[in-house]
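Engineer: The lines below spell out each chain.
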Amino acid sequence: MRWMLLLVALLLALSLPCRVGAWNMEVIPSTEQGLEGTNATMPDPFEPVNRAFFGFNDRFYYWVLRPAAKGYSKVVPEAVRRSIDNFLYNLFTPVRMINDLLQLKLKKFVKEFARFLANTTVGVGGLFDPAAKWYHLPRQDEDMGQTFGVWGVGEVAYIDWPVLGPSCIRDSAGDVGDTFIDPLFYLLSGWYYFGIKAIQKFNSFSFNVDQYDEIKQESFDPYISIRNMYYQHRRHLIRE
Amino acid sequence: MKRLGVVFALVAAFSLALAAETPLDVVKSHIDGVISVLVSKKLSVTQKKRRIMEELDTAIDWPYVSKLVLGIYYKKCSPGQFSEFERLFKEFVKHVYARKFLRYSGERIIYKGQRVEDGIAVVDMVLVTTKGQKIPIACRLSKRDGRWLIYDVLIEGISMVNNYRIQINRIISKKGVNGLLRILRRKVKRMEGR
Numbered sequence: 001m002r003w004m005l006l007l008v009a010l011l012l013a014l015s016l017p018c019r020v021g022a023w024n025m026e027v028i029p030s031t032e033q034g035l036e037g038t039n040a041t042m043p044d045p046f047e048p049v050n051r052a053f054f055g056f057n058d059r060f061y062y063w064v065l066r067p068a069a070k071g072y073s074k075v076v077p078e079a080v081r082r083s084i085d086n087f088l089y090n091l092f093t094p095v096r097m098i099n100d101l102l103q104l105k106l107k108k109f110v111k112e113f114a115r116f117l118a119n120t121t122v123g124v125g126g127l128f129d130p131a132a133k134w135y136h137l138p139r140q141d142e143d144m145g146q147t148f149g150v151w152g153v154g155e156v157a158y159i160d161w162p163v164l165g166p167s168c169i170r171d172s173a174g175d176v177g178d179t180f181i182d183p184l185f186y187l188l189s190g191w192y193y194f195g196i197k198a199i200q201k202f203n204s205f206s207f208n209v210d211q212y213d214e215i216k217q218e219s220f221d222p223y224i225s226i227r228n229m230y231y232q233h234r235r236h237l238i239r240e
Numbered sequence: 001m002k003r004l005g006v007v008f009a010l011v012a013a014f015s016l017a018l019a020a021e022t023p024l025d026v027v028k029s030h031i032d033g034v035i036s037v038l039v040s041k042k043l044s045v046t047q048k049k050r051r052i053m054e055e056l057d058t059a060i061d062w063p064y065v066s067k068l069v070l071g072i073y074y075k076k077c078s079p080g081q082f083s084e085f086e087r088l089f090k091e092f093v094k095h096v097y098a099r100k101f102l103r104y105s106g107e108r109i110i111y112k113g114q115r116v117e118d119g120i121a122v123v124d125m126v127l128v129t130t131k132g133q134k135i136p137i138a139c140r141l142s143k144r145d146g147r148w149l150i151y152d153v154l155i156e157g158i159s160m161v162n163n164y165r166i167q168i169n170r171i172i173s174k175k176g177v178n179g180l181l182r183i184l185r186r187k188v189k190r191m192e193g194r
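Chains G and R, in that order, give the protein sequences.
If you're matching positions, the first sequence starts at 1 in the numbering used here and goes up one per residue.
If you're matching positions, the second sequence starts at 1 in the numbering used here and goes up one per residue.
Honestly, the hints are just simulated from the structure, not real lab data.
Check before you lean on any hint, since a few could be wrong.
[To be verified] Pairs of lysine-lysine residues, derived as DSS-like cross-links and limited to a Cα-Cα distance of at most 30 Å, are as follows:
| hint | chain 1 | residue 1 | chain 2 | residue 2 |
| --- | --- | --- | --- | --- |
| 1 | R | 48 | G | 70 |
| 2 | R | 112 | G | 70 |
| 3 | R | 134 | G | 197 |
| 4 | G | 216 | R | 76 |
| 5 | R | 134 | G | 74 |
| 6 | G | 70 | R | 187 |
| 7 | G | 216 | R | 49 |
| 8 | R | 134 | G | 107 |
| 9 | R | 76 | G | 108 |
| 10 | G | 108 | R | 131 |
| 11 | G | 70 | R | 100 |
| 12 | R | 75 | G | 201 |
| 13 | G | 74 | R | 90 |
| 14 | G | 70 | R | 75 |
| 15 | R | 134 | G | 111 |
| 16 | R | 90 | G | 111 |
| 17 | G | 107 | G | 201 |
| 18 | G | 105 | G | 133 |
| 19 | R | 112 | R | 49 |
| 20 | G | 133 | R | 49 |
| 21 | G | 216 | R | 187 |
| 22 | R | 90 | G | 216 |
| 23 | R | 134 | G | 105 |
[Unchecked claim] Computed beta-carbon distance windows for the label pairs:
| hint | chain 1 | residue 1 | chain 2 | residue 2 | range |
| --- | --- | --- | --- | --- | --- |
| 24 | G | 198 | R | 108 | 28 to 36 Å |
| 25 | R | 83 | G | 81 | 47 to 55 Å |
| 26 | G | 192 | R | 156 | 37 to 45 Å |
| 27 | G | 56 | R | 104 | 30 to 38 Å |
| 28 | G | 193 | R | 109 | 36 to 44 Å |
| 29 | G | 191 | R | 109 | 40 to 48 Å |
| 30 | R | 29 | G | 45 | 41 to 49 Å |
| 31 | G | 134 | R | 29 | 31 to 39 Å |
Even for Gly, the Cβ is constructed at its ideal location relative to N, Cα and C.
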């Protein structure tokens, strides 16, 4: 009898917090509330310059990039573009493997190597991605910007490069570093290497041609929105 | 004794019913609802859009989201300004998401699990496109009157509330609350025209 009363009281007590929550409706949201880093933003001391570049990139997108990519998508079927993407992604595997090592992510290192072996052989030189399709080894993006982030280096400052788009000091330094650790950079002469990189960027852009236009429609200040997306996305990748 | 037993059974049943609706169940039922609208062959595009917007009405904790995106400026809004903001922001976001959903072409959702902590829940999912790409998506929920309501969506780690909050804070600090409302009115009108 007594233990039953106790149990009822306990159950009621347990269900109380849920109801208390409802009374908190009028509480002004603090900076926490499960939104970690809500008020943290990308440091942006060069904002006026970045905004000018952003304006240039905006025009460049509407006048050059988007029409070019739409034309390219019409001429080259998606399956072929996917294969180009797979091939180039496979080609840059060593860079990701070295970054896995630099971050001491040995499991990712082994997976990356397994992906490389599977896709280079079964995937016909990297044109296809059987590793992701059949062997449960999806792509895992790694670069030196992320490595620096894992080491505790902050973004320092946002840079919206003309043509290249959103980045920051840390990630731009990472891009330079990635070039120097890439065996391919030493096998090919510089211009070929950067040509291949440009093709890779443009080809992967062709899968998401309208994305920027949509972000613009969905935001109140596209510059701030994209800067924040870049910031959040990079932090997400570094946390992984 | 007997009466107590009945009370006990009632309380147990009640708490079980509450416990049964986990955040993951809630998210899944909303997504299933939206997908059943999207794949319907009877509905026109406008009807589909309206139905999706109705689903969003009930799925999301709009007053809470509005407060979160206003952040520190919530205190500076008059009640009239806040209710107008809430109405416009809700309309805007509903249009944005309805439009995203309408592009549905057979993507699959894999539910990865849920974490509940201090009355806040996170449901992790992966969206698998027809081409096999995987996009991580997460929903944040909080409990209101015993029901789980969504208050944030994260796509590839990008929180929608965080993104709008940063933009809104900048606009209010430059142009004030009325400046923000002007921009919102224009944005909503443009979205409705599409």
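Engineer: Each of the hints needs a verdict: does it hold here or not?
Structural biologist: Status of the hints after comparison with the structure:
Of the supplied pair hints, the one linking residue 48 of chain R and residue 70 of chain G holds, its CA atoms being roughly 29 Å apart against a limit of 30 Å. The straight-line distance between the Cα atoms of residue 112 of chain R and residue 70 of chain G is roughly 35 Å, outside the 30 Å bound, and the hint therefore fails. In summary, the hint linking residue 134 of chain R to residue 197 of chain G is supported, as the alpha carbons are separated by about 23 Å, within the 30 Å threshold. With a C-alpha separation of about 27 Å, the suggested pairing of residue 216 of chain G with residue 76 of chain R holds against the 30 Å cut-off.
Using a Cα cut-off of 30 Å, the hinted pair residue 134 of chain R and residue 74 of chain G holds, with the two alpha carbons roughly 25 Å apart. Between the alpha carbons of residue 70 of chain G and residue 187 of chain R the distance comes to roughly 27 Å, so the proposed pair stays at or under 30 Å and holds. This hinted pair checks out: residue 216 of chain G and residue 49 of chain R have alpha carbons roughly 21 Å apart, not beyond 30 Å. Between residue 134 of chain R and residue 107 of chain G, the direct Cα distance comes to roughly 20 Å. Compliance with the 30 Å bound is thereby established for this hinted pair.
Simply put, residue 76 of chain R and residue 108 of chain G have alpha-carbon atoms about 48 Å apart, too far for the 30 Å limit, and the pair is violated. A C-alpha spacing of about 24 Å is found between residue 108 of chain G and residue 131 of chain R, which places the hinted pair at or below 30 Å, so the restraint holds. Proximity of residue 70 of chain G to residue 100 of chain R is assessed by CA-CA distance (about 20 Å); at most 30 Å being required, the pair is judged to hold. About 45 Å separates the Cα atoms of residue 75 of chain R and residue 201 of chain G, which puts this hinted pair outside 30 Å; it is violated.
For the hint linking residue 74 of chain G to residue 90 of chain R, the alpha-carbon distance of about 37 Å lies beyond 30 Å, and the restraint is violated. Taking the CA atoms of residue 70 of chain G and residue 75 of chain R, the gap is about 47 Å. The hint is violated against a cut of 30 Å. For the suggested pair residue 134 of chain R and residue 111 of chain G, the alpha carbons sit about 17 Å apart, so the restraint of at most 30 Å is met. Distance hint between residue 90 of chain R and residue 111 of chain G is unfulfilled; the C-alpha atoms sit about 43 Å from each other, more than 30 Å.
In summary, the hint linking residue 107 of chain G to residue 201 of chain G is supported, as the alpha carbons are separated by about 28 Å, within the 30 Å threshold. Between residue 105 of chain G and residue 133 of chain G the alpha-carbon distance is near 23 Å, which keeps this suggested pair within the 30 Å criterion. Between the alpha carbons of residue 112 of chain R and residue 49 of chain R the distance comes to roughly 28 Å, so the proposed pair stays at or under 30 Å and holds. Straight-line distance between C-alpha atoms of residue 133 of chain G and residue 49 of chain R comes to about 34 Å, which puts the hinted pair past the 30 Å bound.
With a C-alpha separation of about 11 Å, the suggested pair residue 216 of chain G and residue 187 of chain R falls inside the 30 Å cut-off, and the hint holds. Note on residue 90 of chain R and residue 216 of chain G: the hinted pairing holds, with a Cα-Cα distance of about 18 Å set against a maximum of 30 Å. With a C-alpha separation of about 21 Å, the suggested pairing of residue 134 of chain R with residue 105 of chain G holds against the 30 Å cut-off. Look at residue 198 of chain G against residue 108 of chain R: about 34 Å separates their beta carbons, and that is inside 28 to 36 Å.
The hint said 47 to 55 Å for the Cβ distance between residue 83 of chain R and residue 81 of chain G, and at roughly 48 Å that hint holds. Range check, residue 192 of chain G to residue 156 of chain R: about 32 Å between beta-carbon atoms, so the 37 to 45 Å window is missed. Range check, residue 56 of chain G to residue 104 of chain R: about 35 Å between beta-carbon atoms, so the 30 to 38 Å window is met. A hinted range of 36 to 44 Å holds for the C-beta pair residue 193 of chain G and residue 109 of chain R, which are about 40 Å apart.
Between residue 191 of chain G and residue 109 of chain R, the C-beta spacing of about 44 Å keeps the proposed range 40 to 48 Å intact. Taking 41 to 49 Å as the suggested C-beta distance range, the pair residue 29 of chain R and residue 45 of chain G conforms, at roughly 47 Å. Between residue 134 of chain G and residue 29 of chain R the beta carbon distance is about 33 Å. The supplied range of 31 to 39 Å therefore holds.
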